[in-house]
Structures are given as C-alpha cells and as structure tokens.
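**Q** If you want the building blocks of each chain, they are given just below.
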Amino acid sequence: MAAAVERVRRLHRFELPALTGVLVREVINYSSYWRSATFSSTVEPTIYLLAFGFGFGSLVSTIGGYDYVEFVGTGTVATAVLFSSAFPAMFGTFVKYQFQRTYDAILAAPVDAEELVTAEALWMAARAGVYGCVPMLVAIAFGLDPAWGMLTVPLTGFLAGYGWACFGIAVAGFAKSIENFSYIVSAVLTPLFLVAGTFFPLDRLPHWAQVLGEINPLHHCVQLVRDAAFGTGSWIDLARVGALVVFAVAVWRVAIYAMTRKLVD
Amino acid sequence: MGGQLAIRLRGVVKRYGPITAVNGLDLDVAEGTCVGLLGPNGAGKSTTMRLLTAQAIADEGELEVLGFRLPGESKQARAHCGVSPQLDNLDVTLTVEQNLLVFAHLYRVPRGERREAIERALGIANLVDRRDSRVDKLSGGMRRRLLIARALVHRPRLLLLDEPTVGLDPQVRQELWALIDLLRAEGTTILMSTHYIEEAQRLADSVLIMSHGRAVAAGPPVDLVARHAGREAVEVYGPPERLAEAEAEARAAGFRTRRTGTSVSVLGIDAADGRAPQGERRPTNLEDVFVLLTGEAID
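For the protein sequence lines, the chains are A and B, in the order given. Just add 5 to wherever you are in the first sequence, counting from 1, and you've got this note's numbering. Just add 5 to wherever you are in the second sequence, counting from 1, and you've got this note's numbering.
What the hints contain is simulated information worked out from the structure, not anything from laboratory work.
One-sided and incomplete, this derived list gives chain B residues near chain A with beta-carbon spacing under 7 Å:
id: 1; residue: R83
id: 2; residue: A84
id: 3; residue: V107
A virtual CB, placed ideally from N, CA and C, is assigned to each residue, including glycine.
Please model the entire structure based on the sequences and the hints provided.
**A** Dropping the structure here:
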C-alpha cells in the first residue's frame, strides 16, 4: 500500500530536501564553531591588509591612482574568500569522511554524493560571500569610500567561493592523507594567491606571469571587486564573471567525481 | 502483507581488487521479521550492509530493498530505511536533540511532525533528560542508543543494524537487546549483522550464516541447531593428545565434532544410544553450528 504510493513519485537526481538536509546539518554545527571559523577567515586577511597596506603603503603611496590601502583592501577580499572556502573545504571534507564518518551517515539517508558535494559547496560559498566583505569593511574604516557597486561583492565572493570550495573538496577527495594537502597549498594555492593582483598589479610583470594571472580565478575575483568598489567596471567584467562560472562548474564536476569515488565502493 | 520481502538479494557479488568480499550471496528478509547476519570477521557482513544502502555497488547480481531495485532506485529505498552503522558517526559537538533534528531533516520528516518525531526518538533512546547534553559527554551505551534512535526518527519500514552492540559491556548490551526486541515486537523489519552468536540466537527470527562472502546456512536458529548439531552435545576435556584422540574416535563413530579451545564437543549425541563418549552433557547451541560451518580456525 504505502509502497505503491511511493513508487509513483520517483526521486529526482537533485532534490531540494536532500540539499537542505545537508545544509541544516552545517548550520547547526556552525553554531558550535562559528567563533573560530570567523576568526581565521577574517583576522588573517585583515592582518595581510594592515601589514601590506601600512608596511608597503609607507613606500608606495598610490597604485594606478588609488591609495595603496584601498588597493590592498579591495584585493584582500579575494584572499578572505579563498581562506574561507578552499581551506575549510580541504580540511573539513577530509575530517568528515575520514575521522568523523559523517558522510557515511549522510549517504545512508536519501542523499546522493552529488547532492552532498553541492550542498557542502553552497554552504562554504555562502560563508565566503560574507567573510569576503570583511577586508573591504576594514578598508572603509581606513578611508575607502563606500560605493553602490560594493553590493555586488558578496555575490562575487559567493561565486568565487563556490569554485574554491569545490576545488578544496576535490583535493580532499583525491588526497590519500591529510599531509598531501601541503603539496597543493605550496604548489598551487600560494602561487595563485601571490599572482592574483592582490598586493601588486600584474601589468608590470613578465608576459608569462600576466598570462598566468589571467587564468587565475583569484585574479578575476580581485578585479571584479576592485571594479565594483572603484566604479571602473567594463564589459571585461562580464568575461571575468563568465570565467568564474566556468571555473566553478568545472571543479564542481571534478569534486563530485572525486567524492563519489571516495565514498561509494 | 505477510510473505512480502523487505530485502531480496540474488547472486550478489562484490569484489575489491583481488578480494571477493561477497561471493554469490542470496538473502531474503520477510517484512516484519528480524534476520541476523552472522559470520566471522571478514565474512562479508559489513559489505552486505553497505550494498543495501548503495554505498557499495555490486559487481553482479540482483538487489531489491522494499521493492526498489538497487542501485538505480536506491534513494527511494533509503528514504524508508534506518541505518545504525558499526562505527559511531554522531556529530559529537552537537547535543542529543540536535543530532536527531539533523536526521529528521535528512530523512525528510515533514516540518509539522519533526517535534513529535524527535520526542519519540528521545523516548526510544531513553535520553529524554539528556536531550541538551553534548554527544561527547555521553557514555558508550547512551551513544549506541542514540545511534539507533537516530535511525528511527522517520519511522523506517526497514532497520539495518551493523554490529549494534560491538565493544559494549554485557549490561549495556542487554539494554540494547531489550530495545531491539521492542522494535521487533512493534513490527519493524530488522536486518542485524553481528558476530555475537548469543545476540543472533536471542533476537533473530531467522539467521543467515556467512562465510567467505556466501551464505552457508539459513533458517530459524532452533532449526539450524537441530539440523546441524542435534539436540545434545558432550564436552570431552583433557590434555591436547586426549582431545585429538577423542575427536578421532567420535568422528570414526560418525559424530560431528568441534573444538572449543579447551575441549572437544561431540555433537548430536541425542540419537547415539550409548555410543557417545564420556563427558559433560549439554544442550547444543547456535555457536556449535557457527563453528561447524564457518571453520574451526580463522584464516
């Protein structure tokens, strides 16, 4: 009887209740660790902002017509996005499947690996969108003029954060041990973080570094935030949004592949 | 609805590289019954459990859970199953109640029924007055009860228990047996894997003994014991040479025997009229069948 009724409604590949189930778990868990997460995601980029802004700022007062603190203040938004998405995704994902076995419990419920990865990435993207604004707010406190365009910054942070969260989940999915992460941090994240135009503009760099910069999703995030804050947007920004969407979709699929392989024998 | 199958496996094979964990398994679990999956470590019990939730995908064979074919319709099947895993995967920094709330969402309990579902689960786990305790403050037994109650929050039609009492004190184990027995009495269909024979004998309507990834015997415990070990056994004690001797004699006389470590059990002596060796008489049990069928030595 009950079985016959149930058979009528086939479950879809993506189900909203599956996504909200995973998100509810994250939100409830967040209530127990929000202090430390907020601290690491906001204080670190702010320290970069203050150190570079005032350290370098005393040598270089302006870049491209902008006050150096404003230049770095907008640039470190991308840093905050990266720190609040890629890093928690790598470590959190690994801990949740390896040590806490949370994902075993979730996949025994009517949730598939695809939905699990998507929900986890959405959650971290949302956090990245919020935490990403912190350096900009600090920069405003130090004299950056507020602008309407800044309202797009959480959205940019969300989009970039979704990609970086998926990147982190994929890394965790492929990693054999948590030590493997140091390769990714040293060889991938640190170079991308430095060649993103956060602390210095890319246009004075050698050609190859500029090319590298243009394929760096973090650089697109930096430029989108700056254009929004300084009102210097142009059609190129649409291409940058497009690049971030391509990045997000590509790593999303890779993350699903990696985690399915990891979680389903 | 008697006779309808909650689980139906036919010829299921699951390989991990060169290792065949499940090797042509047939398994039937009728609705409203409790079936014990019994076998030594490495027999394929946990792999079978993972196959039933599509957390492992079979290489060969047919799998049906609650009428849904796996792995294609697994999500539907999982919506009506509750799973209590062997390894505790509760969220330890959350409270008892928060853990249940999360699973009420994951198992799609409608908003209006969540409150009641959580209260019911707290009652099942006997943790009503610990609802606000963080899980890492609970005892091992409480955590186990919560793990089972968490699997019941959506009133599943089928409950999968993977080694529900492993590593627990005897007192705590008995407490959990009472809980499982209650669920059984309420009509929940249960598949329970265990390597504690007493657990299977007490709780299961029917037992499936696994060895090397396949079923070596299936049926109600009493029938299995009668069929393979007879009604009574004789324990012969002595030094190792004496045991080997007694074993050889009994086998020559056509009895089945098993070692217990300190003695040789000569089985099925009830029909022996006088031919049985001297020793301590005792009723046969499921352990006799288990050792007989899954091999004396662990390989």
